[in-house]
Amino acid sequence: MQPKPLILKILDVVSIIVLAVAAYLALVFAPTEAVMGQVQRVFYFHIGTAWVGLLGFVIAAVAGILYLVTKDVRWDRFEVAAVEVSTVFFFITIVLGSIWARPAWNTWWTWDPRLTTAAITELIYIDYFMLRQGIEDPEKRARFGAVYTLLGGISAPITFMVIRLFRTIHPVVIGSQSAAAQGGFSMTSDMKVAFFFGLFAFTVIFIDLMWHRIRLGNLEDKVEQLKLKVSM
Amino acid sequence: MFLQAIPDTSNYMIAGYVFAFVVMGIYVFSIYLRNANLKRDSEMLESLEEEQSKKAKKK
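Taken in sequence, the protein lines are chains A and B.
Oh and the first sequence: position 174 is 174 in my numbering, straight run, nothing missing.
One rule links them: number in my numbering = place in the second sequence (from 1) + 232.
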């Protein structure tokens, strides 16, 4: 395996720093929201993880298309990395949303359009790994994976848009929200700083983790090839 | 008199942030662990391949 590049080492350090700063801005710098209290601070990480989660699913769909066009295995590794990192972040989004919902909506979960589409999206990508596990032929696995992420990628824009198109209790941060929305609030300038820095921080962390996961994929392929050579 | 007190929802906030950091920590650790295991496998397979090629040359 190639040694860790200097840029990746720097990115690791930067990721830790931006995560610490994002946590400071969310937990200390941003003012306490008057109606919901401290739990509103969960929102900064909830949105940050949701952003990279959905972004990764779209990136995976694009990588899937590129794999189908070029048949280059590197796009398959890229796709797997994007799906894996995004699935982890989107899982955090859903659980943070549920924790926020308990005091805000008086329930951990409700089958609201946003929550339903988010749960479906997460399940689609958990199934993606089950699908890949079930296919032994690497080429077939990559082809099926590419088609799957291409179709699954549709769920990301649907999840994003659903609160803007349907009647829902989920608040909309940017743009006009449904009349039925509960728990919405207007951001002060300090809240906006924490919010936008959170988006930036999670984007940096996402790139860092993606890079590590791609390198892991390269190593997996190398080991798979060595196993084939030795067994011959 | 008419001001409403801010509800104490600190426990939910703490639970949320602990959860987020624990999940991210577990994921980073899983990447590290998988990487270490694959490196070990790779080294072992490379030495095995070398042995096999040496034996083939002797024959």
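The set of hints was computed from the structure by calculation and includes no laboratory data.
It cannot be assumed that every hint is accurate.
Here are a few chain B residues that face chain A, going by a calculated C-beta distance under 8 angstroms [claimed, not checked]:
| no. | residue |
| --- | --- |
| 1 | V250 |
| 2 | E281 |
| 3 | Q284 |
List of simulated lysine to any residue pairs, SDA-like, C-alpha gap at most 20 angstroms [unchecked claim]:
| no. | chain 1 | residue 1 | chain 2 | residue 2 |
| --- | --- | --- | --- | --- |
| 4 | A | K9 | B | M256 |
| 5 | B | K271 | A | K71 |
| 6 | A | K227 | B | M256 |
| 7 | A | K9 | B | L265 |
| 8 | A | K9 | B | Y264 |
| 9 | A | K71 | A | K9 |
Every residue gets a Cβ at the ideal spot worked out from N, C-alpha and C, and that includes glycine.
So, going through the hints one by one against the coordinates:
Restraint check, V250/B versus chain A: the minimum CB separation of about 10 angstroms is more than 8 angstroms; hint violated. A distance limit of 8 angstroms between C-beta atoms decides the matter here; for E281/B the minimum to chain A is near 6 angstroms, and the interface restraint holds. With a least beta-carbon distance of about 7 angstroms to chain A, the hint placing Q284/B at the interface is held under the 8 angstroms criterion. At most 20 angstroms may separate the alpha-carbon atoms for a hinted pair to count; K9/A and M256/B meet this at roughly 18 angstroms.
Proposed proximity of K271/B and K71/A is contradicted: the alpha carbons are some 27 angstroms apart, above 20 angstroms. A hinted pair counts as satisfied when its Cα atoms are at most 20 angstroms apart, and K227/A with M256/B does not qualify at roughly 31 angstroms. Between K9/A and L265/B, the direct Cα distance comes to roughly 18 angstroms. Compliance with the 20 angstroms bound is thereby established for this hinted pair. In summary, the hint linking K9/A to Y264/B is supported, as the alpha carbons are separated by about 14 angstroms, within the 20 angstroms threshold.
Restraint check for K71/A and K9/A: not satisfied, since their Cα atoms lie roughly 30 angstroms apart, outside the 20 angstroms limit.
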